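**Student:** So the chains spell out like this:
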Amino acid sequence: MVNANEKEFFANLKEVKVVSTVLLATLALIALVALAEKGPPIVAIYRGASPYNTGFIGTYKFIEILREIYPQTFAIRSYEELDKVFSGAGKCLFVVVSPEIDYTMDEAQKIAEKLRKCRFPAVLIADENKTSNNLLEALGSSIRISGNILYNRITGLPYIYAIIRLPTNSSYMVLLDKASEILAPTPTIIGISVNGEAVMALENVDDLLVAVLGDGSIFLNQVLDSDVASYKEMIIELVKYMCGDDCRIAVDGTKYEPIEVEAVQENMNVSVYVDPLMLTTLSALKLFHPYTWLPWILLQINNFVGFIKGLPYIAPFFVAIIAYLVYRYVVGKISVFPDARIREQKEIEIYLTGELRDSVIRGRISLDKQDFIRLFELVDSAVRLTYGVGLCDPDAHKVLQLGRDADRYARDMCRLYAKASGRKRLPIVLSWNRTTKKMIKRSEEFLKTMGYSLTKEKGVEYLLLR
Amino acid sequence: MEILSQSELINATQRTKALIIISSLFIAFGALYSPHLLGTGVALIILLVSLRLYASLELYAVSKCRATVSNVFAIEGDVVEVPIVIENPTSVPIATAEISVAYSQYLKLVEGVKASLVLIPARGSVKLMLRFKARVGNHVVGPLELAVRDVFGFFRFDYTLEVIGTIKCVPRASETVVKRLMVFTRTTGLTRSKRAGYGVELYGVREYKIGDDVRRIIWKYLASKHKLVVKEMELEAMNRVIFVVDGTLDTWAGPYGYTPFEYSCRVVASISKYLSKRGDLMGAIIFAENGIYRTPKLTRSYRRIIEPFAEYKPCVNEIKEGNNRVIALENAFKHIVSMLPREKSLVFFLTPNPSYQYKQILSTIAKKLTALGHEIYIVLPLITTFEIKGMPEWAQAIYRVKTFSIVKEHIEYAKLLRKLGIKTIVAGAQQVPQMIVSLLEARYGY
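Sequences listed follow chains D and F, in order. Just so we're aligned, residue 0 is where the first sequence starts under numbering that gives the first Met the number 0, counting upward by one. Just so we're aligned, residue 0 is where the second sequence starts under numbering that gives the first Met the number 0, counting upward by one.
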């Protein structure tokens, strides 16, 4: 049961690409180049009794029937595979059906040697030619295939009936197709044609059981797919006799001539023997193989680039487009961030009169009429608090006992204050900025005589705070 | 909180863009003219990819880094050392890490650097040493902001190492002020008030009056002179003083170490040091936008009085909101009432530059406390006298003229409060300690 939190968690899960598209594309390109580099694909099919042939005269059906009973049934492409199939096995069976290529003695020795890895090896050979005789010799068997085709003495055709009596006491009458006579000692013969020729023999060579049938036709797909069940029954009974309940079976697929797909397509006679579905699949496989199309595409690109290079006015434009596309692609993949210096901690000093303070220190302040009024009030307050009279009082000069300069200063201050407060009009033209600055300097001189200052940290305002 | 993935944290720089342009050109020219150029272009792209990978490793290393910042206790004016150690426990060296140390905006760094470029070796550590001039309050140092780049600076990511240290600083008591106060005292324990009242020192004898405690009758005198006289004791001049200090943002106006708040702290420290020797009971309340810092109850201990100053955190919000200050003062009132004893006590408000609304609340509070039988003093430090410090002489003159209206306004306000019966002092930067000392002296009757 998924609870609400888990639901929310899964709902919030972001879709994450574990492997990027570019990486995948790069790996795919490498694989394609590698495949193309490896050369054209060997897409071959078999028309004979090969276990890989699903056509009429193939033995693919035979393999399927064996696999139903013995899952460890394999069609082999090389004799090295026998090591894997047979090593450590109890019972094993090597099957050869109508090989197209002769076994050399070396190959036969190798097969015999590998068969000895099983505790109870067995060999089943169904062949109408002499191609398997080297193998029989290497196995130490006395049975041989004569290679002489048997004919029906009545009809004169190469289709002849034979009776096969298996060691299990079952007898089967089978119609053989272009069968060959078997040369074997009499006690080993278990199958005889209606003409009396030996067609099948079974022999024990030491621990090796060898069964030889002079015809491979009864193992073909067309026979096993037919309505006649006796062939299938006989084959199963024979294999069960040779294998028991548990067995590893290797069906030889090495001795058949492969045919190129193109050859099959060109030769309609051959194509009759081949499964059309298989033919189509293999043709498509060859077409999709990178070797088929990749070099062609690269060649076309190369030709196109060569063509562009030959156009003096187009080439730079083309370079610019490629550069732009590469640039856009790479920049699109990353987020670009202005690499500024890291922010440093600010140390602040707060001033409630900060702007005014800054302007005064920078000398960007301009003084006006109001500032002069403030200056006057400041000086006047200081004088009143110290002497008890105002700066502009009529008897101030008597009380203050000012010197000549101070007296003139007091007169100027009063005159300008009268102008600033609107009681007098003169002087008509006046720069308050310049005048106030000048009067500040003169006020400082005046206040100094009283023991106060405008320019010291403990200034005249302390007088007012008393 | 949005969680960024590693790819979102790491960003390319403008240098990367330039390199991509160059490599794109190489690739484009290479595709048409020379395979060598194509190889160079691809090599440059591979270089970028490699450096991006290295940046990812650096991010991993940084995320595993451990940082420590020491906590320091100091006295105002001291130069305090704050060591910061960053340890890299991984096997990945962090090539270039630009480190910026965040700290309280009210602190001033006197030695060391705010931001530096460091290389943190694999399984190694780096130590940064910062020296600050200590300032009253609880100031934080940290976190550490890191901008980490690859070797060539093509990729960068920013990271914050969440580590915090503190500098707790108490105000320094002015020895001059303390000595001046001591000169006027006659004993170190109790101070004689020269007034009759409850106490242990004999003040004199007088005739018995109805209502006198019979235990005070001098029986020997009655036996010899047949007259009822009683012993009269000298009133003990033990005070109960509460300092209410304004710690709102407005009080931090002024040069470093010379703001009204710091002046107020120094005054409180100096006077409380003196009062603690006298054995007076004291309390301190600092009110600020972010809370109230106070002594739990009245105490004679100087150390306990200055403790709240070390806990006080100045408000870091630069936007001034007048109402916050009013709310802080109202909150402080509740604490003052809870701290005040039934006996008559002195309450000093040290608060500068009041706004109209603030003035209303302040006078209301003062009236309420006066009605409760306490003596209230409002000390208004004149801000302009603090801010004038450090200006050239000629600039001081102009500044004084320009700000004279502020001075007048303060004086008028003080007059208004005085008319309401609230003892108010407008004090300049040079005056605050002396004025408070004078008030205390006057109370002791010297």
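Be aware that one or more of the hints could be misleading.
[Claimed, not checked] Pairs of lysine-lysine, DSS-like flavour, derived with a Cα cap of 25 Å:
hint	chain 1	residue 1	chain 2	residue 2
1	D	K455	F	K407
2	F	K388	D	K345
3	D	K397	D	K368
4	D	K332	F	K366
5	F	K407	D	K368
6	D	K437	D	K423
7	D	K440	F	K388
None of these hints come from the bench; they were simulated from the model. Quantities reported herein were computed from a predicted structural model and do not represent experimental measurements.
**Student:** Take the hints in turn and mark each one as holding or not.
**Tutor:** Here is what the structure says about each hint:
1. Distance check on the hinted pair: K455 of chain D and K407 of chain F sit about 19 Å apart at the alpha-carbon level, within 25 Å; holds.
2. Of the pairs offered as hints, the one joining K388 of chain F and K345 of chain D holds, with about 21 Å between alpha carbons and a cut-off of 25 Å not exceeded.
3. As the CA atoms of K397 of chain D and K368 of chain D are separated by approximately 29 Å, the hinted pair breaks the 25 Å bound.
4. With a C-alpha separation of about 71 Å, the suggested pairing of K332 of chain D with K366 of chain F is violated against the 25 Å cut-off.
5. The straight-line distance between the Cα atoms of K407 of chain F and K368 of chain D is roughly 18 Å, inside the 25 Å bound, and the hint therefore holds.
6. Restraint check for K437 of chain D and K423 of chain D: the C-alpha separation of about 20 Å stays at or below 25 Å, so the hint holds.
7. Distance restraint check for K440 of chain D and K388 of chain F: the Cα-Cα separation of roughly 20 Å lies within the 25 Å cut-off, and the hinted pair is therefore satisfied.
Hint compliance for this structure: hints 3, 4 are not met, and every other hint is.
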